[in-house]
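Asks: Listed here are the chains, written in short residue letters.
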Amino acid sequence: MKRGGGPYKVGMAAAVIGLPSFLLLPFAVVRRSRIATGASLPPLSAIGPALTIALASLWVVVILLSLREGGRGFIVARGLLGAGMIAATVAVSGWTAGDLGAHAGRFARVSIGGGAWVSAIAAYSLVLASRRLLGRRSPLGLLVGLLAPAAIVAMLLTGFLNDLGIMKEYANVADRFWIETGNTALYAAVSVTVATAVGVYLGIVAFRNQQLERPVFATVSVFQTIPGLAMVGLLVAPLSAISFALPVLRRFGIGGIGWAPVVTALTLYALLAIVRNTYAGLRSVPSAVVDAGRGMGMTGSQLMRRVELPLGMPVVFSGVRTSTVQTIGNATLGAFVGGITLGRFIFQGLAEQSPDLTMLGSIALVVMAVIVDSVLRVVQSAAFKTHTAGREGSQP
Amino acid sequence: MITFDHVTKRYEGTARPAVDDLSLQIPEGETVVLIGPSGCGKSTSLRMVNRLIEPDSGTVSENGRDVRDFPPEELRRQIGYAIQGVGLFPHFTVGENIGVVPRLLGWEPARITARVEELLGLVGLDGLAYMDKYPDELSGGEAQRVGVARALAADPPVLLMDEPFGAVDPLTRERLQSEFVDIQARLKKTVVFVTHDIDEAVKLGDRIAIMREGRLIQYDTPERVLAYPADEFVAGFVGAERALKRLSLAPISEALDPAVGLNDPKATVPLDSSLRTALARIIEFGVPVVGITDEAGNVVGSVSIESIVERFKRPLL
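First to last, the protein sequences are chains F and Z. Those letters in the first sequence? Residues 1 to 396, by this note's numbering. Those letters in the second sequence? Residues 1 to 317, by this note's numbering.
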C-alpha cells in the first residue's frame, strides 16, 4: 500500500459504521428497576445536543483525517483520536448514567446503549490499525494502545462510572466476581498446562510417525465439533462413575460435577491448536538443518531435543497462546456443572433478563483474554528474539 | 577405501532407479567428485555411504566392511558431512555447531574448545572472534567455512560433501575451492564430493565419476575425462572448451623447452603455473614463445605454442 495515496480505508469504514450507529441507535437504555423493560434513548435525549454534536464531530474529524493515508503523523493522530473517542464515549455514558438515573428513581438502571457500543468498537478498530502500522515495539504505538484502557481504569477507580448499570451489578456481586475471575484463570492455567504437555507430545508423535498423523489430528479435531454443553454432559457420566469406583478421588473434588468435567473439557478443546502448531513448528525446521543433524549422527531423540523442538518452539508457543485465549473464553462452560467461572454471570444475567450482568461477565472474560494474550506475546518476543530461525548465512 | 558394489536404489513411484547398478572404488586419501545433471543419482550415491539412504541391492563398504554392519548413528559420527546451504544450526553458536559431533562422541569440553579453535584456524577464520557468533551473523562464505570445519571436527577419515560451496557467489566459491585443495593436500582425507559444476570437479577431484540417469558413465582422472570423454554425453557435459580446461591441469614442466628464441624479457611465466597461464601470456604479448622463471626469477626455459600443442598430442596413460 502506498503511503500518502488514496483515502484511508480503515478510517472510512470505521466512520461509515460508527457515525450512523452513534446517531441512530440508542445511546443509553434506562430501566425503572433491574428487571424492568428498558426505554431506549437516542443520543439527543440521552446526552443532549451539545455532547451529541461534540461526539459526532469527532467522527467527522476521523473522516477528514482519513481522506488520504498520510504519513506517520496521520497514523498516530488517528490512533490517538480513536482511543480518545473510546474514553469519551465511556465517560459520557458514565456521566449520563448519573444524570438519567437521578430522574428515574432509586432502583433505576442505566445501561450503555447499542449506539455507544458500536461507536466505541468502531473507534477501537482505528486504535488497532494504527498500532499495527506503527509496529508492535513502537513506543508511540504502545501509547496509542494503552490510552483508552488507562482512561477507563482511571474512571473505574475514581468511581466515575459507578452509576452505570454494569457497575451496580458489579457492586452486588463484587466478592463472587473476583473469586470467579480467579477460578477462570486457574481452570484455564491447569487446562492449558495439561493440554501443552499432551499436545506437544501428540504433535511430535504425529510428526514422527506418518501413520499416526491422521488419527491424531482426527481425534483432536473431533473434540472441536462437540458443543460445549454436550461435551460437559458427556463427561459427567464417566467422571462420576470413576469417582464412585475410586472414592478417594472424590476427596480431591473429582466427580461428575465441579471442576473436573470443566477442566477436562477445556483441556480437550485446547489440544487442537497446540498439536497443530507443534506439528507445523517441527515441519518448519529447514530440511538442510535436519539433514545435517542426521548426517552427523544424531539419534532421532537427540535431533528432536537439540534441534527440531528448539527451532520449532516459537510456533509451538504461539499455539499455546492461541489455546490459552480460546480456553479463557471456553471457561464459561463451568457455569453448567457447578465448576463455576465468570460464565456464571453471563448465564445468570440471561436467566434474569439482566443484560448488565451478562455484559459484566463477558467484558471481564474479554479483558482477561486480551491481557493474557498481550503478556504471552511479550514473553514470546523476549524468549524467541534471535537465532531461532530465519536466514543462516545465505548472503555472500 | 570406499567401495560401491553393484548398488541399486529405486524410489517408490519412479520409473527408473535413482542409482542403477553402480560399482565404484574410491581410494584412500583421494577426492572423488560425483558429477552429472540433476537426478543423475550423485547425491543418492553419496548419502548411501553414511546410510542416510539404504540401497535396495548391492553393498557399500568402507575398508572392506559393509556400512550396514555399523549402527547408523555410530557410522555417521565417523564420517564428516557437509551439505549445500550449509545446514548450520541457527540456534547454536559457531563453536557449538563445530562441536556437535565431538559432543555426540562424549569429548571433554576443554578438548572440544581447543579443537574448535584449531579448526577455525584451519579454515581461515579467527577462532576467538567467531566462536560465539551465530550463523545469522556470518557471511555466506564464512558459513560455508564453518560447515567444512564442522565436518572435520572429529577428524574423520572420510568426508562427504554435497555441493558444499553451492550457495555462494563465484568469487567466494573459487577462494573456498582453493582453500579446500590446500587443506586436503595436508589432511589427505578420503573425500566424496558431489557437484554439478564441471570446473569445480576438474579443480578439486583426483578422479571424476560422471553419472547420468543413475548410471556411472565414466570414472577417470580429470585430465583423461577432458581428453577422452567416454561418449557424446560426457563430451557435451565437459563442454566445448575442454581443451582449455585441460591446459589448466597441465603443469608447465610437461612442455618445457630450453630457453631459446626469447624476444621480450617481460613475457615470462613462473614455473609452477599451468600451461593455461603460459598460453594466456603468449596471447597477451603476441609472441610465439614465453620464458619460464624459477622462484628466484631466473629464466630456466621456455614454452611455445608448438610445445603446448605437442604436449597435447601425446597420449595420456
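Quick caveat, the hints were computed from the structure, so don't treat them as lab data. A virtual CB, placed ideally from N, CA and C, is assigned to each residue, including glycine. One should not assume that every hint holds.
If you anchor each label on the Cβ, the simulated ranges turn out as follows [claimed, not checked]:
#1 F:Q211 with Z:G121: 45 to 51 Å
#2 Z:R10 with F:G135: 24 to 30 Å
#3 F:S381 with Z:S38: 38 to 44 Å
From the derived model, a few chain Z residues whose C-beta atoms are all more than 12 Å from chain F [unchecked claim]:
#4 L46
#5 H91
#6 R103
#7 R242
Short, incomplete list of chain Z residues facing chain F, as computed with Cβ under 10 Å [as the list claims (entries may be wrong)]:
#8 E73
#9 G80
#10 R150
#11 S273
Asks: Each hint should be assessed against the structure and marked as holding or not.
Replies: Checked hints:
1. F:Q211 with Z:G121: 45 to 51 Å: 48 Å, holds
2. Z:R10 with F:G135: 24 to 30 Å: 52 Å, violated
3. F:S381 with Z:S38: 38 to 44 Å: 41 Å, holds
4. L46: Answer for L46 (chain Z): violated, closest chain F Cβ roughly 10 Å.
5. H91: 5 Å, violated
6. R103: It is violated; R103 (chain Z) is separated from chain F by about 9 Å at its closest Cβ, not greater than 12 Å.
7. R242: The claim holds: R242 (chain Z) sits with its nearest Cβ about 29 Å from chain F, beyond 12 Å.
8. E73: 5 Å, holds
9. G80: With a closest approach of 9 Å, the G80 (chain Z) hint holds.
10. R150: Given a least distance of 8 Å, the restraint on R150 (chain Z) holds.
11. S273: 28 Å, violated
Comparing the model with each numbered hint stated earlier shows that hints 2, 4, 5, 6, 11 do not hold.
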